[in-house]
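S.K.: Sequence:
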Amino acid sequence: MDVSGPALAQLPPGPSWPGIVQLGAWLLRPFDLMLHLRERYGTPVTMKFPQWPAIVAFDDPEANKEIFRGSSDDLYAGQANQPLGPIVGRNSLLLLDGARHLRERKLLLPPFHGERMTRYGEVMRDVARDDLATWPLDTPFAVQPHTQAVTLDIILRTVFGVETGAKQDALRDALYHLIRDFSSPGLMVSWTQRDLGPRSPWGRYVRTRDRTDALIYGEIDARRADPRPGEDIFSMLLEARHEDGEPMSREELRDELVTMLVAGHETTATALSWAFHHLIEHPSVQRRVQEELDRVMGDDPIDPGRSGELVYLDAVVKETLRVIPVIAAVGRVTQRPTTIAGIDLPAGVLASPSIFLTHMNPKIYPRPERFEPERFLDWKPTPYEWFPFGGGVRRCIGMAFALYEMRMVVATVLQRHRVRRAPGASHRPVRRSVTMAPAAGTPIVVSQR
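Numbering that gives the first Met the number 0 puts the first residue of the sequence shown at 0, with every later residue one more than the last.
Hints listed in this document are in silico derivations from the structure and should not be mistaken for laboratory results.
These figures come from a predicted structure and were not determined experimentally.
One should not assume that every hint holds.
As the list claims (entries may be wrong) - DSBU-like cross-link-like pairs, simulated, lysine-lysine; straight-line CA separation at most 30 angstroms:
| # | residue 1 | residue 2 |
| --- | --- | --- |
| 1 | 362 | 379 |
| 2 | 317 | 362 |
| 3 | 105 | 64 |
| 4 | 105 | 379 |
| 5 | 64 | 362 |
| 6 | 317 | 105 |
| 7 | 64 | 166 |
| 8 | 166 | 379 |
| 9 | 64 | 379 |
What the hints assert, rightly or not - What follows is a list of derived Cβ distance ranges for each label pair:
| # | residue 1 | residue 2 | range |
| --- | --- | --- | --- |
| 10 | 241 | 298 | 29 to 39 angstroms |
| 11 | 250 | 286 | 43 to 53 angstroms |
| 12 | 283 | 362 | 19 to 29 angstroms |
| 13 | 246 | 286 | 25 to 35 angstroms |
| 14 | 114 | 169 | 38 to 48 angstroms |
For every residue, glycine included, the Cβ atom is placed at its ideal position computed from N, Cα and C.
Construct all of the structure, not just a fragment, from the sequences and the given hints.
M.R.: Next up, the structure:
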């Protein structure tokens, strides 16, 4: 569905640049683009990419609320997420709309709540501690590969339920390459998805995906042939039943497992890298986090059951996700003429609550460009003012898991270490698939306290 002619002319103002130029700017420098467009045209602002619905971006909480609370029959988020289809699969919760989305979401929610979260916290702490032992002291190194290794191992153990050994090594290698080979922003565009052989970008990705799928399907078949109880999410999904009593299909299981990998690995690894960046740039914030850790945990190992007492660290995590959200925007494609914030949108428009522009709205956040965790200590934003995980019925089901994981990993590192900037390091945002990561993998220097 596309919008053109008179209907497009009635949309809010936006750049008249060729669509390919707008797309290129969005893929390469989305934050700079959005700030420029807001300064030039105000908000809401309209963008147009080739072969894509016209995008109307909002930064007002009331408009965001209308979109997030709008009818799922009128506003399709799955349609807006189609660029992720080649990696997550057509059965992914991210790509579903309407009744089927609600049905699948109901199946996937239980593993992310309850007492098992504390047990996941122990895994998060232990994985972070083990990887931390490999970090060089007093020597510059890129921390992003380590945050990726940590979050991937956490996914393997909490989601896939795979412990150390050959099977974990094989699956880790396959999943790592699956994410890596899909990380080029150019591959998000459909016309670049051409298999020109194993040396071409898309051809390499397709072969990696096939190898990874073979491992995942093999694990699904093995677990079904020899069921075993477990606290991992994979085990719970194998036992889950639809309302008609039917289990999830092999394809549904594969797609949801890969979705959890994509949504819970690269995004959290990137957010952790940004957290370390901010801790480096703001030594007083780092000291306050460490003082809180000393007060709450002392010299004992980080206790997941007491992580809720790390109030300032939680504020640091939330401010990290506000200042540089790993995903710049979310969207809903209108299925019929719709009015948002008094603006009439025809069918086929992508109404986008801009995460970045909302988080940078000075009417909500004074001095929005400044990193100030204190703003989250005495004030709780609405879900339409702070929404790095999306909103409404489409909010990421792993939100609590990801926030918990970030607290546990940062606490484990800072309890006995301090971090500082590596000489000459640059931390400008660069795109990795749908996420915005620090350039050069966030070079840092780690020392013992």
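S.K.: Please go over all the hints and tell whether each is borne out by the structure.
M.R.: Status of each hint after checking the structure:
Under the criterion of a C-alpha separation no larger than 30 angstroms, the hint pairing residue 362 with residue 379 is consistent with the structure, at around 15 angstroms. The straight-line distance between the Cα atoms of residue 317 and residue 362 is roughly 18 angstroms, inside the 30 angstroms bound, and the hint therefore holds. Restraint check for residue 105 and residue 64: satisfied, since their Cα atoms lie roughly 22 angstroms apart, inside the 30 angstroms limit. Restraint check for residue 105 and residue 379: the C-alpha separation of about 27 angstroms stays at or below 30 angstroms, so the hint holds.
Taking the CA atoms of residue 64 and residue 362, the gap is about 16 angstroms. The hint holds against a cut of 30 angstroms. With a C-alpha separation of about 26 angstroms, the suggested pairing of residue 317 with residue 105 holds against the 30 angstroms cut-off. Annotation: proposed proximity of residue 64 to residue 166 is violated, straight-line Cα distance about 45 angstroms (limit 30 angstroms). Straight-line distance between C-alpha atoms of residue 166 and residue 379 comes to about 43 angstroms, which puts the hinted pair past the 30 angstroms bound.
Proximity of residue 64 to residue 379 is assessed by CA-CA distance (about 16 angstroms); at most 30 angstroms being required, the pair is judged to hold. With their beta carbons about 49 angstroms apart, residue 241 and residue 298 fall outside the hinted range of 29 to 39 angstroms. Residue 250 and residue 286 have their C-beta atoms about 50 angstroms apart, which keeps the hinted 43 to 53 angstroms range intact. Between residue 283 and residue 362 the beta carbons are some 27 angstroms apart, a value that agrees with the proposed interval 19 to 29 angstroms.
Remark: the range hint 25 to 35 angstroms for residue 246 to residue 286 is contradicted by a beta-carbon distance near 51 angstroms. The hint said 38 to 48 angstroms for the Cβ distance between residue 114 and residue 169, and at roughly 31 angstroms that hint is violated.
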